[in-house]
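> Put chain B on the given structure of chain A with help from the hints.
Sequence lines, in order, name chains A and B.
Number 50 in my numbering belongs to position 50 of the first sequence; there are no gaps in the numbering.
Number 259 in my numbering belongs to position 259 of the second sequence; there are no gaps in the numbering.
None of these hints come from the bench; they were simulated from the model.
Nothing here was measured: the structure is a model prediction, and the numbers come from that model.
Think of the CB as a built atom: it goes at the ideal place given N, C-alpha and C, for glycine as much as any other residue.
Some hints could be false.
Simulated DEER-style distance windows between Cβ atoms [said to hold, decoys possible]:
1. A/Leu20 - B/Ile244: 39 to 45 Å
2. A/Leu72 - B/Ser142: 46 to 52 Å
3. B/Arg38 - A/Pro77: 16 to 22 Å
4. A/Leu72 - B/Trp134: 53 to 59 Å
5. B/Ile244 - A/Leu11: 53 to 59 Å
6. A/Ile21 - B/Asn42: 55 to 61 Å
7. A/Leu72 - B/Asp46: 27 to 33 Å
8. B/Gly57 - A/Glu97: 27 to 33 Å
9. A/Leu22 - B/Ser161: 47 to 53 Å
10. A/Ile21 - B/Ile261: 55 to 61 Å
11. B/Ser142 - A/Leu11: 46 to 52 Å
12. A/Glu42 - B/Ile244: 32 to 38 Å
13. B/Asn42 - A/Gly64: 40 to 46 Å
14. A/Leu72 - B/Met1: 38 to 44 Å
Computed footprint of chain B on chain A; a stretch qualifies when at least three of its residues, placed anywhere within it, have a C-beta under 8 Å from a C-beta of chain B [stated by the list, open to error]:
15. 28-41
16. 44-55
17. 73-83
Derived lysine-lysine pairs resembling DSSO-like cross-links, with alpha carbons at most 27 Å apart [stated by the list, open to error]:
18. B/Lys247 - B/Lys331
19. A/Lys62 - B/Lys18
20. A/Lys62 - B/Lys247
One-letter residues, chain by chain:
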Amino acid sequence: MADINELVSGLVLELRRGTLILSVLSQLGTPQYGYSLVQKLEENGIQIDVGTLYPLLRRLEKQGILESSWELADTRPRRYYFLSNTGKEVYSRMCDEWHKMVASMNNLID
Amino acid sequence: MEMIDRYVYAVTKRLPQKQREDIEKELRSLIDDMIMERCGINPPRDKDIEIILTELGNPSKLAAKYRDDNNYLIGPEHFDSYIFILRIVMAAVAFGIAVGKIVEFFVDPPALVIQAIGEFFAAIISGAFQGFAWVTIIFALSERYAYHKISGLNLNKWSVSDLPEIPQKEQRIKPSEAIVGIVFSVLFIIIFNFSSQLIGVYNFVGGKLVSITPIFSEQDLKNFLPLIIVIFCLSILKECLKLIIGKWNLTLGIATAAINIISLIFCIVLFTSPTIWNSNFVNELNALTIVPQDLDISLDVLWQNVTNGFILLIAFGLILDSVVSIIKGIKYSIK
Numbered sequence: 001m002a003d004i005n006e007l008v009s010g011l012v013l014e015l016r017r018g019t020l021i022l023s024v025l026s027q028l029g030t031p032q033y034g035y036s037l038v039q040k041l042e043e044n045g046i047q048i049d050v051g052t053l054y055p056l057l058r059r060l061e062k063q064g065i066l067e068s069s070w071e072l073a074d075t076r077p078r079r080y081y082f083l084s085n086t087g088k089e090v091y092s093r094m095c096d097e098w099h100k101m102v103a104s105m106n107n108l109i110d
Numbered sequence: 001m002e003m004i005d006r007y008v009y010a011v012t013k014r015l016p017q018k019q020r021e022d023i024e025k026e027l028r029s030l031i032d033d034m035i036m037e038r039c040g041i042n043p044p045r046d047k048d049i050e051i052i053l054t055e056l057g058n059p060s061k062l063a064a065k066y067r068d069d070n071n072y073l074i075g076p077e078h079f080d081s082y083i084f085i086l087r088i089v090m091a092a093v094a095f096g097i098a099v100g101k102i103v104e105f106f107v108d109p110p111a112l113v114i115q116a117i118g119e120f121f122a123a124i125i126s127g128a129f130q131g132f133a134w135v136t137i138i139f140a141l142s143e144r145y146a147y148h149k150i151s152g153l154n155l156n157k158w159s160v161s162d163l164p165e166i167p168q169k170e171q172r173i174k175p176s177e178a179i180v181g182i183v184f185s186v187l188f189i190i191i192f193n194f195s196s197q198l199i200g201v202y203n204f205v206g207g208k209l210v211s212i213t214p215i216f217s218e219q220d221l222k223n224f225l226p227l228i229i230v231i232f233c234l235s236i237l238k239e240c241l242k243l244i245i246g247k248w249n250l251t252l253g254i255a256t257a258a259i260n261i262i263s264l265i266f267c268i269v270l271f272t273s274p275t276i277w278n279s280n281f282v283n284e285l286n287a288l289t290i291v292p293q294d295l296d297i298s299l300d301v302l303w304q305n306v307t308n309g310f311i312l313l314i315a316f317g318l319i320l321d322s323v324v325s326i327i328k329g330i331k332y333s334i335k
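In isolation and in its complexed conformation, chain A is listed as follows (with noise of 0.2 Å):
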């Protein structure tokens, strides 16, 4: 058997890795470079790996959801993300698909 911390934690992360991707789009509504982002979901207590965070920008990229542009900030060259017109609408029906979820699942588990 299993030490149950270890089972908690590893179903735990299986629960936030289908939030990525909402969290991720949550933030992009003002321009921002990776890092920052890393940081601000950081301070709201969801912690991202970089190494996850980078391809999946580039994915939501190719899929139309962002777009990104290299800017200059720092003296440093940094690309910045931001949602496109098709990847506000994904955002927002995200969001209420999420708020649905989130009422089903406190029904369930209440």
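Using the frame of chain A, we list chain B on its own:
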């Protein structure tokens, strides 16, 4: 700083050329940000860089996350059939080569037994490698270029009505039958290719093999070799269809008959060629004292009958198989 270069290189070398430059730029800016976060305006020490790169993780894993295409040769959906075909091919090749080599040993006993045994295993291993390579190459190519286009559609459009009916007991084709057929075809291809002189009448004197009188003219057989290989490949194709479809139905019956008819045409072309038979066969046999002298008919006539009868026998076999296949096909298609 050198460590950073090495890390970035380790990631980007695993990425497609056109994405490299862009990802490298982004990765470097990320690492700079992480250094800034950790050390502020102080110059970073090696230890800091080490911690940051460790946090980024194994470069091959990071690269894999960037690459969203399949980084496998044969995907999980194809893997079962790959292993299945691979087993058949390996068995057929190993068995074919082993039998061929063993016959060769008896016919032409090697001077050095140890060397012969070595060659025996070397031939099987190199044959197995060839088989392995070809099957893998074919599957990898179809994975890359064809598979997703074809079966992606099938998978998405799947409905309950696609479920195959459970075949009646006699309707099922045992995989072993088809596999035996494939193995023997491969065996014959190998024999015709490498040791056609072994196909003949074996003359024994006092239990010892003294000579083999070949049935076919070796020279002519060489010219016809491509045709012979095509005939056996058709037979392999037929057995593969049986394996894939797995039960008798009208499609399989008709396909079997069609393949048989094509094979028959090729066989007629092959065996009606006047030069395919060993023209010295009768003389060679007569020269041996072992032929019984009290035969009722002369060897000449017998040989003539055999060669004519041979093609009739093949025609009979192929036509019978076709008729039986079509009958089975019709029988199991009508409920």
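> Checked against the structure, which of the hints given earlier come out wrong?
The structure breaks hints 5, 6, 9, 11, 12, 14, 20; every other hint is satisfied.
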